[in-house]
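Undergrad: Residue strings, one per chain:
There are 2 protein chains.
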Amino acid sequence: MGMQEQLKLNNQLCFRLYTASRLITQAYHPLLSGIGLTYPQYLVMMVLWEQDAQPVNDIAKKLYLETNTVTPLLKRMEAEGFISRSKGKADARQVIVNLTPKGRELESQASCIPFQLGEAVACRSITPETAPGLYGTLDDLIHTLSSAGR
Amino acid sequence: MGMQEQLKLNNQLCFRLYTASRLITQAYHPLLSGIGLTYPQYLVMMVLWEQDAQPVNDIAKKLYLETNTVTPLLKRMEAEGFISRSKGKADARQVIVNLTPKGRELESQASCIPFQLGEAVACRSITPETAPGLYGTLDDLIHTLSSAGR
DNA sequence: TTTATTTATATCGTTCACGATGCAAAGATA
DNA sequence: TATCTTTGCATCGTGAACGATATAAATAAA
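Chains D and F are the protein sequences, given in the same order. For the first sequence, counting from 1, position 41 maps to 1443 in this note's numbering; every step adds exactly one. For the second sequence, counting from 1, position 131 maps to 1533 in this note's numbering; every step adds exactly one.
Hints are computed from structural coordinates only; laboratory data are not their basis. One thing to keep in mind: the hints can contain errors.
If several chains are the same, the list does not tell them apart, and a pair holds so long as it fits within one copy or across any two.
[Said to hold, decoys possible] Cut-off 25 Å, straight-line C-alpha distance, at most; resulting in silico cross-link-like pairs (PhoX-like, lysine-lysine): (1) Lys1477 to Lys1504; (2) Lys1491 to Lys1410; (3) Lys1410 to Lys1464; (4) Lys1477 to Lys1464; (5) Lys1463 to Lys1410; (6) Lys1410 to Lys1477; (7) Lys1504 to Lys1410.
Please read these numbers as outputs of a predicted model, since none were measured by experiment.
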């Protein structure tokens, strides 16, 4: 009649990732709301700051999201004036996403966010020595899961 | 005019956690839909399997969620017949959540899920030797973030 | 060149998350 | 006791996520 050990919350990797993800996103909130972005919108902006003028699909792939998530996100960002969307010339099916001047200007305003966030996240388990190992593990996990799903 | 290095997606811990969390949840989906649960609902069930008859607030705290997320979740689970909700006797403000027989029966059906999931998540970076370290790091992060937010 | 298939994006419906706010019960203070 | 504050839960509105489906353009096959 004992509780199944493997069904305890404490033994779940996924629950930890889910919680850690939500809590970090919450920590971003006050910083991002200052520049008018949500966290997923901030991710899109980082993709575009790194390389402007990308089709929807390229953005979606880099974020491991589907277009049915990204399309409405981009529409809201267009309504806010951060990006513009235009038909692709080479391929008329594509929608090319461009930064507006307002969106481009945001990069310098956002540049301090990673540092501010770093202070909030500072804990003894994540140091310059241990971070690469953690990143590698998560990258490995993401790679396994994203390739398994096809 | 160079790209701000710290604003690159590859340098972001949060993006990794966000992606890993989503992809693992997706891996759960086919397993959970078989027993009629979503992933957050599965988390609630795990809390209740471990200890039945808890007030909403206790469940929310264990999942690091607010009641405005948990209440609608519980209502859907009640409509599906997995749980029942009743007024607390000692404190009339509380709503006590109980497993129904159907919800209790689900535990044995769910007991194989962690193993099935384990196979999907199997990658060289997460082994019986490395998992505790990863869990510890995430727990530390969660602790830091959840106590900072107050 | 038709016809069939794939690809790129969009639409729709449902379920989270979560900030803001409301409300009633409980507890504290006057 | 009457008033004030806190606590527990619910409601509302908005923005993701995502499965399922639709549509048009591009490509492949017949």
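Undergrad: Take the hints in turn and mark each one as holding or not.
TA: Status of the hints after comparison with the structure:
no. : hint               : verdict
1   : Lys1477 to Lys1504 : within (16 Å within a copy, 43 Å between copies)
2   : Lys1491 to Lys1410 : neither (54 Å within a copy, 28 Å between copies)
3   : Lys1410 to Lys1464 : between (33 Å within a copy, 12 Å between copies)
4   : Lys1477 to Lys1464 : within (18 Å within a copy, 36 Å between copies)
5   : Lys1463 to Lys1410 : between (34 Å within a copy, 15 Å between copies)
6   : Lys1410 to Lys1477 : between (41 Å within a copy, 23 Å between copies)
7   : Lys1504 to Lys1410 : between (48 Å within a copy, 19 Å between copies)
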